[in-house]
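The listed protein sequences derive, respectively, from chains Z and A.
Numbered per the working numbering, the first sequence spans residues 1 to 456.
Numbered per the working numbering, the second sequence spans residues 1 to 456.
To be clear, the hints were calculated from the coordinates, so they are not data collected in a lab.
Some hints here could point you the wrong way.
Copies of the same chain look alike in the list, so a pair counts if it fits in one copy or across any two.
Stated by the list, open to error - Calculated lysine-lysine pairs in the DSS-like style (CA-CA distance at most 27 angstroms, straight line):
1. Lys209 to Lys401
2. Lys119 to Lys57
3. Lys401 to Lys57
4. Lys115 to Lys421
5. Lys153 to Lys439
6. Lys153 to Lys209
7. Lys57 to Lys209
Here are the chains, one letter per residue:
Protein chains: 2
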Amino acid sequence: MKADLLAQLVNVLGEERVSVTEADRLLHGRDQSAHPPHLPDAVVWPHTTAEVSAILKLANERRTPIVGWGAGSSLEGNPIPLRGGIVVDFQQMNQIVAVHAADFQAVVQPGIFYKDMNKILGRHGLFFAPDPGANASIGGMIANNAAGTRTVKYGATRDNVLALEVVLANGDIIRTGSRSVKQSAGYDLTHLIIGSEGTLGLVTEATLKLAPLPEHFSAVLATFSSTAVAAAAVYHIIGSGLGPAALELLDAAAITYMNLDEAINLPVAPTLLMEFHGPTVETLQTELALVQEICTDGGATHFSAGVGREERDRLWHGRHQLGEILFRAHPGERYLITDVAVPISHYPELAAYTADLMSRMGLQGALFGHAGDGNLHTVVFPPADNLAIDLHSFNDQVVEKALRLDGTCTGEHGVGIGKQKYMVYEHGETAIGVMRQIKNLLDPHGILNPGKVLGD
Amino acid sequence: MKADLLAQLVNVLGEERVSVTEADRLLHGRDQSAHPPHLPDAVVWPHTTAEVSAILKLANERRTPIVGWGAGSSLEGNPIPLRGGIVVDFQQMNQIVAVHAADFQAVVQPGIFYKDMNKILGRHGLFFAPDPGANASIGGMIANNAAGTRTVKYGATRDNVLALEVVLANGDIIRTGSRSVKQSAGYDLTHLIIGSEGTLGLVTEATLKLAPLPEHFSAVLATFSSTAVAAAAVYHIIGSGLGPAALELLDAAAITYMNLDEAINLPVAPTLLMEFHGPTVETLQTELALVQEICTDGGATHFSAGVGREERDRLWHGRHQLGEILFRAHPGERYLITDVAVPISHYPELAAYTADLMSRMGLQGALFGHAGDGNLHTVVFPPADNLAIDLHSFNDQVVEKALRLDGTCTGEHGVGIGKQKYMVYEHGETAIGVMRQIKNLLDPHGILNPGKVLGD
Numbered sequence: 001m002k003a004d005l006l007a008q009l010v011n012v013l014g015e016e017r018v019s020v021t022e023a024d025r026l027l028h029g030r031d032q033s034a035h036p037p038h039l040p041d042a043v044v045w046p047h048t049t050a051e052v053s054a055i056l057k058l059a060n061e062r063r064t065p066i067v068g069w070g071a072g073s074s075l076e077g078n079p080i081p082l083r084g085g086i087v088v089d090f091q092q093m094n095q096i097v098a099v100h101a102a103d104f105q106a107v108v109q110p111g112i113f114y115k116d117m118n119k120i121l122g123r124h125g126l127f128f129a130p131d132p133g134a135n136a137s138i139g140g141m142i143a144n145n146a147a148g149t150r151t152v153k154y155g156a157t158r159d160n161v162l163a164l165e166v167v168l169a170n171g172d173i174i175r176t177g178s179r180s181v182k183q184s185a186g187y188d189l190t191h192l193i194i195g196s197e198g199t200l201g202l203v204t205e206a207t208l209k210l211a212p213l214p215e216h217f218s219a220v221l222a223t224f225s226s227t228a229v230a231a232a233a234v235y236h237i238i239g240s241g242l243g244p245a246a247l248e249l250l251d252a253a254a255i256t257y258m259n260l261d262e263a264i265n266l267p268v269a270p271t272l273l274m275e276f277h278g279p280t281v282e283t284l285q286t287e288l289a290l291v292q293e294i295c296t297d298g299g300a301t302h303f304s305a306g307v308g309r310e311e312r313d314r315l316w317h318g319r320h321q322l323g324e325i326l327f328r329a330h331p332g333e334r335y336l337i338t339d340v341a342v343p344i345s346h347y348p349e350l351a352a353y354t355a356d357l358m359s360r361m362g363l364q365g366a367l368f369g370h371a372g373d374g375n376l377h378t379v380v381f382p383p384a385d386n387l388a389i390d391l392h393s394f395n396d397q398v399v400e401k402a403l404r405l406d407g408t409c410t411g412e413h414g415v416g417i418g419k420q421k422y423m424v425y426e427h428g429e430t431a432i433g434v435m436r437q438i439k440n441l442l443d444p445h446g447i448l449n450p451g452k453v454l455g456d
Numbered sequence: 001m002k003a004d005l006l007a008q009l010v011n012v013l014g015e016e017r018v019s020v021t022e023a024d025r026l027l028h029g030r031d032q033s034a035h036p037p038h039l040p041d042a043v044v045w046p047h048t049t050a051e052v053s054a055i056l057k058l059a060n061e062r063r064t065p066i067v068g069w070g071a072g073s074s075l076e077g078n079p080i081p082l083r084g085g086i087v088v089d090f091q092q093m094n095q096i097v098a099v100h101a102a103d104f105q106a107v108v109q110p111g112i113f114y115k116d117m118n119k120i121l122g123r124h125g126l127f128f129a130p131d132p133g134a135n136a137s138i139g140g141m142i143a144n145n146a147a148g149t150r151t152v153k154y155g156a157t158r159d160n161v162l163a164l165e166v167v168l169a170n171g172d173i174i175r176t177g178s179r180s181v182k183q184s185a186g187y188d189l190t191h192l193i194i195g196s197e198g199t200l201g202l203v204t205e206a207t208l209k210l211a212p213l214p215e216h217f218s219a220v221l222a223t224f225s226s227t228a229v230a231a232a233a234v235y236h237i238i239g240s241g242l243g244p245a246a247l248e249l250l251d252a253a254a255i256t257y258m259n260l261d262e263a264i265n266l267p268v269a270p271t272l273l274m275e276f277h278g279p280t281v282e283t284l285q286t287e288l289a290l291v292q293e294i295c296t297d298g299g300a301t302h303f304s305a306g307v308g309r310e311e312r313d314r315l316w317h318g319r320h321q322l323g324e325i326l327f328r329a330h331p332g333e334r335y336l337i338t339d340v341a342v343p344i345s346h347y348p349e350l351a352a353y354t355a356d357l358m359s360r361m362g363l364q365g366a367l368f369g370h371a372g373d374g375n376l377h378t379v380v381f382p383p384a385d386n387l388a389i390d391l392h393s394f395n396d397q398v399v400e401k402a403l404r405l406d407g408t409c410t411g412e413h414g415v416g417i418g419k420q421k422y423m424v425y426e427h428g429e430t431a432i433g434v435m436r437q438i439k440n441l442l443d444p445h446g447i448l449n450p451g452k453v454l455g456d
């Protein structure tokens, strides 16, 4: 990085908030994916929107790449600074600016982490529902349109953001959306920014739609004879008009991995892990009876509802730990994380195909997903004795299957680096051309997260 | 319209689907708003996306204005062809292309009307939830991001559209979104098009998210001593975790107008008209008991739940007829329809302010709205003996109040003609500048619905 640009950054932020040390650069060179790291030239920690604006103005004039940074927990290489430049770490812009409890809204800075935020919001009886599992930053969740176990009931991040403050490539600051939950006043810039992975602007403030903490809830476990039978039960549950707050599929291998945690002791079988929320115990009981009926009719080999709070927390902790358990069980091994989604009617076919492909390729790992909204993940490892196995070919085949089933190459991890090659297949040349024009319009010098989403 | 352009249109569509008769032009010169009509030069009725593409290519080459047309039921002048040109009437592109019942989705053409579509979808046990009251076309609902009585539970149109086929100004055809309910694959062009009022492209096909028809439902009526007290009860209901499927506020005058219908005989008082849906009778009963408790605690003077199907249908029919009843009661009078929305916590203040302003200005008409999502309407008429009263000044004051309360100048009717003057106030110069750049990018010759949303 040129000394005069560095001096200008120091001028804006002070020396203690600009770093070029190798330690800091290493910490901002990789995410949780298998994509190879690339180091930025500098890392900066702004405190205000005005500082972010000043940084972007400088970078834009100097044609220097800018990459926003939250928790580094993304899974598709989304924040890896492929072309070097400046990483803007939002760690020190992590405040809750306002809680509008009566409106079920909070205004927050992008650097706040999901779990930390929800701990504070819980005091108001509220929570931000899209749960990515990881303790992601809100800015990162917005950038990637993250989703998770609660999305089946509450939607993805894009469904739960009402308004944004965004700094554009040239340093201009815009406010999009409204605190009104309804708005038909012009073009929807909020949704254009959500999921754009920091390639159209950097979010410096977000107004989030919150949900009231459920008064009563119950986790539900149902096991099935096969992954496909379990997957088939899913849309009967959704079709009944029941609104599960979570509806997760776990294959037998996933359960085996979860059981490696001493606190978990589940029957090893394809499993649906669900949760129901209700305003009263009676409401909840009625829903649980209905879901039991549906699961039993759908061939469940075991069903247990009314799981107590402690056991429920343990199960969800286990579910959220699954990735980590997988990596601990395969230390240092090559791995790949897949993330596709299809319409629910095609979910059994996708799940069966993927399970079969894993088995045919001799891959270890687990198959699991947010079945209620058609999202399927795997974490796969090649067998130790077969270094020739091409994990990317596995990904290609899973994605192609999902696209043939009217689905998407990425349900919630974003395009980042790994999914770019599927974008034209998914959207067509013309739509990708429109996306590219919008990118060029808003970031004419290509400084924002270059090499991502649409490539260079 | 120049003869050679007309000949080219006839060449594409045949003579019977191109009209320059005054009768056809008059039918396509005004909507349901008070904005003065303006006639197009020609009206065309395409049958296919390829035809729409050919029409747009011609118009783009000839710099001829193009305005999409659905049911003509919009309320802000949105489809009035201000600069003449060609109206593209989608009346003959009104098919349901596919029903994916297991996925709760339908693929439809833009010309199908809301009520007609839901009648057909009902055979599959499904419905498209955003209910605009009027028998709007789906294309129009998408163009204006329409919403209505069911939005409090099911969201607005933008929350219920998964994918679009869109013809751009130059005739290019793109497909946006996915049948997968989750997608994080690039920029969200679907939401950019929704609510753009035909100024960025014409929708030729839409994949809609449907909801299962509720197994059990009940309408609920609660009356209160004042509009403000009724409005205050609203967020207690929402805050309880209950999910009403409708939560409408009607002032005493609105009830008086509704009672003009012989089938309706409601106590004349500020009223909340609600509906609850449940998977079982027990679930529903529990919810009704809870809402009664909340209303009683909130000062309800009368409460009745468990309204039977027939009475419930009559009430909703009455609610949906309200606009028509108002116009019948004030034949030929000047009128204005307002449409603002605010965060729910500010709803009582907005309602009280608006009621007071109506009274101070001596306006007749009614105040009502989709209270559950903060949306407030009025239909107002100046007193017959005061022709000097400026209805626009009433609108200005209501909108300014809504914007001061963190709201929006239009909750669901769109910008059209009447709300353009508030756009900079609501979004700021810089954000409007971005919208304008996107408009210029996608429609460089300004042929698409010129003079709307952002003006010329």
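Quick one: lysine 115 to lysine 421, C-alpha cut-off 27 angstroms, is that within a copy, between copies, both, or neither?
For lysine 115 and lysine 421, neither the intra-copy (33 angstroms) nor the inter-copy (42 angstroms) Cα distance is at most 27 angstroms.
My question is about lysine 57 and lysine 209: at a cut-off of 27 angstroms on alpha-carbon distance, are they close within one copy, between copies, both, or neither?
Neither way: lysine 57 and lysine 209 sit 31 angstroms apart in one copy and 41 angstroms across, limit 27 angstroms.
State whether the alpha carbon distance between lysine 153 and lysine 439 is at most 27 angstroms within one copy, between copies, both, or neither.
neither (32 angstroms within a copy, 35 angstroms between copies)
For lysine 209 and lysine 401, with the copy left unspecified, which applies at a CA distance of at most 27 angstroms: within, between, both, or neither?
between (34 angstroms within a copy, 23 angstroms between copies)
If the cutoff is 27 angstroms on CA atoms, where do lysine 153 and lysine 209 land: within, between, both or neither? Let me know, please.
This pair counts as both: shortest intra-copy Cα distance 14 angstroms, inter-copy 14 angstroms.
With 27 angstroms as the alpha-carbon cut-off, assign the pair lysine 119 and lysine 57 to within, between, both or neither.
neither (36 angstroms within a copy, 55 angstroms between copies)
First find the shortest C-alpha distance between lysine 401 and lysine 57 inside one copy, then the shortest across copies, and answer within, between, both or neither for a cut-off of 27 angstroms.
For lysine 401 and lysine 57, neither the intra-copy (43 angstroms) nor the inter-copy (35 angstroms) Cα distance is at most 27 angstroms.
Checked against the numbered hints above, the structure breaks hints 2, 3, 4, 5 and 7 and satisfies the rest.
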